[in-house]
Structure formats: C-alpha cells, structure tokens
Amino acid sequence: MSSIDYHSNPGLKARLAARGLDSVTLLVLPAMALLVGLFVYPFLYGLWLSFNPKDGSLLGNYFKFFSDPFLYDTIGTTLKLAVPVTILNLVFAVPVAFRVRLMKNQRLLTTILVLPITLGTVLVAEGMLNYLGPQGWANRIMMLFGIISSPVKLTNNYWGVMLSLVITGFPFTFLLTLSYISGIDPALEQAAATLGAKARARFRYIFLPLLIPGLAITFCLSFVQAYSVFPSAVLLGAPAGPTRVISIAAYQAAFEEYDYSMASAIAMIMGVVQLAVVAAVLQIRNLFYRGPAGGAKG
Amino acid sequence: MAPSLSSFKMLRLDGVSRDFGTVNALRDLTLTIERGEFVALLGPSGCGKSTALNCIAGLLPTSRGAIFLDDQRLDILPTEERGFGMVFQNYALFPHMTVRDNIGFGLKMRGIPKAEAAARVEKAIETVRLGTQAHKLPGQLSGGQQQRVAIARAIVVEPPLVLMDEPLSNLDAKLRLEMRQEIRRIHAGLGSITIYVTHDQDEALSLADRIVVLRDGMIRQVGTPEDLYARPAHLDVAEFMGFRNRIPAKLKTRSGDAVAIDVSGVLLQGIAREDFTGDDVIAAIRPDDLFAGDTHEGGIPAIVEAMEYRGRDFFGSARAKDGTELFFRAARRHTPGETVALIADPARLLVYGAAQ
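Protein sequences appear in the order of chains B and E.
Under the working numbering, residues 1 to 298 are what the first sequence spells out, in order.
Under the working numbering, residues 1001 to 1356 are what the second sequence spells out, in order.
No lab work stands behind these hints, which were simulated from the structure alone.
Hints should not be assumed to be uniformly reliable.
[Said to hold, decoys possible] For the chain E half of the interface with chain B, some residues (derived, Cβ under 8 Å), not all of them:
{"#": "1", "residue": "ALA1057"}
{"#": "2", "residue": "LEU1059"}
{"#": "3", "residue": "GLU1080"}
{"#": "4", "residue": "PHE1084"}
{"#": "5", "residue": "MET1086"}
{"#": "6", "residue": "PHE1088"}
{"#": "7", "residue": "ASN1090"}
{"#": "8", "residue": "PRO1095"}
{"#": "9", "residue": "HIS1096"}
{"#": "10", "residue": "PHE1105"}
{"#": "11", "residue": "MET1109"}
{"#": "12", "residue": "ARG1110"}
{"#": "13", "residue": "PRO1113"}
{"#": "14", "residue": "VAL1157"}
{"#": "15", "residue": "TYR1229"}
Note that the Cβ used here is the ideal one computed from N, Cα and C, for glycine as well.
Generate the whole structure from the sequences, applying the supplied hints.
Dropping the structure here:
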C-alpha cells in the first residue's frame, strides 16, 4: 500500500488551473494573434507614424490640423451628422422595439428591419440617389400631388447623408434596443400595473430607468458607426462642403496628398473624439442603476 | 378609480373563462368570496389556477364571464384601475428602486401626499419586519426578505383583494413555514380578501379558510381545509390531497355511505364518497392510514419493496398480489421481500367509482 502525501503543494498545473489558466485557455490564442496583428500593431504603428510628420517635428501634424479650419472643422461637421443621427435612431428604435417585443411573429419584422444592414451603405446610397434625386419618384410624386412646385434637393447635401445614415444605422440600433427591452422581466411591468401605474408611468418609472444603461451602450456603438461615415458622405453628400467629414480629410491626406503621417494623425484625432464622446456617455450611464433588469432573485 | 377597502363586502366571480386558442385553460369559474376570507386555489401545474389569478388581476383578458366587487364590474377595467395587490412568484421587485421606493410605488401612483405615503410605507415596513433593510436595493436582499418587500408593496395600498401567485415556492423549507405564519398574520391584520395560488396542499391546508381545487380549468371541489383533507369529493382530488394508495376493489355491500369491498379476497370496510354504478370501485387511502401490523388478519397481503425511516415510524412501499403498488406506515423496519398484511383504517378508507 502506498501512502498518500497530504502535505505537498498541488502541482503547477493545478495552481494555474485554479487561476483560470488551463489548456482551454489556449483557444484564446488565435483570436489574440488576430487582434494583435490586425488591430494593436496597426494602431501603434499609426500612432508612431502620426508623430513623424514630413517636417520632422514631433507634433507637426497636430499643429497643422488644429490651425487649419478646413481640417479642424471636419470634427464639428462629423459630430453634426453623427450625434443627431444616433439620437434619431434611438428615438425611432425604442417605440418600434416596444411594439415588436409584444409580437408573436417577431422574426418576419426583424428580418425586414435588418435587411438594410446586409445591403451595405453603398447600395443604399445608390438607391437613394435614384429615388430621392431631382428626377426620383419621391420628388415626382410630391410634385404630382402639388405638395411642392420644384424638386426638393434631398441628395448631395447634409440631408442625404443624414437620411442614409438613419436607414443603414437604424437596424443595428433597433436590434440592440430590442434585446435590451426583451431583457426586462415582463412581470415588472405587470407588477407596476397592479400597483396602479398607467402605460406612461410604467414607461417613465420602470422601463426607462432600466433601459438607460442599455441605451447608453447602444448610443455609443451607433455613434461610433455613424462617426466613421465615409461612403454615404461621398456618394450622397457634398464632400467638399457641408458633409466634409473627418474620414474624408483622412482619405485625402492619405491618397491625394500621399501624406500617411498626416492621415494617421487625423485618424488618431478621430479616435480621440470618438473616445471622448463614448467616455462622456458611459460616465452619464454610471449615474443610473446598472444591475440586472429581472425580478431580482437572491 | 380603484375601489376602496372600507366599503366592499364580497368578490364575485361569475363564469370566468379563458381560452388559449382552442384550449380552455379556465372554464366557468364561479365563486363568491366574502370579505376577510383567505381562499387558496389549489391544483397541479396546468390546472388553470394561475390563469384564474391573472384573469382576476387583469393581466389576462377573460374570454367569458364577469368579475364583480359588490356591484362594480371589474373585468372590463384595465389592471391599473382594479386596485388589487399582487405578489408575484418571482416577486417582481423593481430592481432599481430601494425597498422603500418599491413599497411606496403604489401610493405614488395613487397620488397620495408625500407625508402620508411616507408614514404608510414605514408602517408597512414595520408590518413585514424590514426596518433595517429599507434603504437597500432588492438585489442586496435574501429571498425571504424580497418576499416580504413584495408583500409589503402589495398591501400598503390597502387593496380589497390581495392576489398571491405561489409566493413561497422560491424559498427554502424552513423559511416557507415562517412565511406562512407571516402571511396569515398580515391577512388577518388587513381584513381584505386574499386569493392564494399554490400546488402545495400543505400550504393550502394551513393557510386557507377555503380551498378551491382546480383541475383542467374546472373547479373540482370547494371546501374548508378539514373537508378537503378528510372527505375529498372525487378520486383525483383525493389523489392530490395525499391519498397515494389507489386500490382496485369489488363492491360487496352498500348501505348509505358505508360500504364493504373486496380487495384481493380480503373484505374491507370503507366510506363511499360518490354514487357509482357497477361493482368496480377504487379504494383510496393515505399511506399514514395503512398500517403494517403484526397480525395478518383482515389486512391486505403485500410484499415489501422498500422502507425508509421517518423518525417516529417507518414509511414503506409494497406490492399487492394483483400488482398494485401500496404505500404504508410501519412500526419497525420490514425487510424487502417479506410479506406483510396492511390494515386499513375503515374511517379513512374512501371508495370511489372506477369508471373515471
């Protein structure tokens, strides 16, 4: 009979496993490699590049960007598009999601609503140029019924880009919102109703406070998408004027002036602006209840 | 607006029915409940008890029938205008509100002035003994404490009717017993009607003034706990009330309710609980009333299969000659394979027709 040694320490393998490191952890490696190769490295390279401008100084690109209104105005231009688009998408998505949540046959409607995502921004832009252009059916129908006397300009300006961003961004916003709303235990609404809360009060006191953290995340993700708008700003907007967004400035620096260093700097500025907005929204989110939205069970 | 507690006398359910497609989840629930009564809706899952509760609360529209509080028709009002208190199975506490705000929500919705509302909330917190927890969020409370919050939230508005949907099913056994007494005490203090849905007959027996047994959406029996325990009207009710032994038998003689039956050649005395035609009957008896004695006379012979120790006595299962499984009580541990004679208490042996 061999005696068992109760006093020796567990082996290295067991100790690592206790800290959550075992052979299954290795499955993370491919994704890690991908992340490092396709995101971390290019990002750090871009950051380094942005501090090596043509003029040899460290911050030359950044000085140039913030001293030229043609460049630094793009921040405001992009924000003026992205923020209203994101808010508009949320304002549309919440009521639709509230209705869809109660429907038995969600799949069909969800499919229809999600279709624009699969089409891609370019196809949507093409369609809009046809339908909403001066000779498109939107203008012709409005003129037919005498609503307008001459075609309304709906493309190649701010409104064209805005509309296309709403169309392509809405499904994404809607799906996220729907999942957050579905995550709220329906018994909470029923409980509020038995306590005398009418529909408006139930939304105001139960749904809204529980939704705000989710809506904040939805806002961030939708905003980041809208902020990096490029194709529709070029195709449907006025890329030299009112819809000269920051990604266009970066594109021009890179592929028209062949100044990769400047383009990197613009990309970095773009990232900082996005981060600032996201951080601000998440900060506001911290003011609200963020726990589970179910009928809490201890 | 919501009916006030002070004025009402009774709740009347008149043929309340609910269909889901072609399924009749609830059929013709007709019942009058007096103020101050504690009524339990008892039945196995899928019997329609929760459907009944949701129809009364207004969370499900009724398909037919009407609900009256005295003369006021309630089933046409939306949930928020009925003014009933409801305790949900998962409590449905608002996770983002403190205990105090949860309890005060109903008063806020009724537009009760802040000072009065605060006083009533404090009183309710005291009633359910949550004094030190009032500032916490529900997520920080234990299951039993959440349960108390749910009850306080439902009763603080002093509703004429409190609905409880299996409120104790998520608690452990010890807490369940404690909360039973609490619920009974709170009900007595409130003086309203409580309708309590459960599938646990012990809970129903210990809490209710009156028990309504439902099955397949229909009322099978309405009666006091004593009635239901001793005299279930139908075999399925008997089974549900703990008559685990169903023994096929032949009717020998009957005079009034007293019957003599033949079980595998043994003549037993029993009590008939319904009218039946033909000789085939089913005798139902609780395991506690079927005793493995030391004499073999007048007992049903059966072969012991398993025994378990219960402290005061033993609980066993055995098989009769015809294959019927029998559960019984014993004073000592019989060995599996041993033949025992199971003596039935004639006053507790209920006889039903076999035709169902």
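Hint validity - ALA1057/E Cβ closer than 8 Å to any chain B Cβ: Check passed: Cβ of ALA1057/E comes within 6 Å of chain B, closer than 8 Å.
Under 8 Å, Cβ to Cβ, is where PRO1113/E needs to be relative to chain B, so tell me if that hint holds or is violated. Hint on PRO1113/E: violated, closest Cβ of chain B at ~15 Å, above 8 Å.
For the hint on ASN1090/E, just tell me whether its beta-carbon gets within less than 8 Å of chain B. holds, 4 Å
Let's test the interface hint: is any C-beta of chain B closer than 8 Å to that of LEU1059/E? With a minimum Cβ separation of about 5 Å from chain B (threshold 8 Å), the hint on LEU1059/E holds.
Taking the least C-beta to C-beta distance, is MET1086/E closer than 8 Å to chain B? With Cβ-Cβ at 4 Å, under 8 Å, it holds.
For the restraint on GLU1080/E, tell me whether the closest CB of chain B is nearer than 8 Å. With a minimum Cβ separation of about 5 Å from chain B (threshold 8 Å), the hint on GLU1080/E holds.
Please check whether PRO1095/E passes as an interface residue: C-beta within 8 Å of a C-beta belonging to chain B. holds, 5 Å
Does the nearest C-beta of chain B fall within a distance shorter than 8 Å of the C-beta of PHE1088/E? holds, 5 Å
Measuring from the C-beta of HIS1096/E to each C-beta in chain B, is the shortest one below 8 Å? Since chain B brings a Cβ to about 3 Å from HIS1096/E, closer than 8 Å, the hint holds.
Is the hint on PHE1084/E kept, meaning its closest Cβ partner in chain B is under 8 Å away? With Cβ-Cβ at 6 Å, under 8 Å, it holds.
Could you check if TYR1229/E really has its C-beta closer than 8 Å to a C-beta on chain B? Interface hint status for TYR1229/E: violated (32 Å vs cutoff 8 Å).
Would the stated hint for MET1109/E survive a check requiring a Cβ distance to chain B of less than 8 Å? Holds, because the Cβ-Cβ distance from MET1109/E to chain B comes to roughly 4 Å (cut-off 8 Å).
Hint violations for this structure: numbers 13, 15, all remaining hints satisfied.
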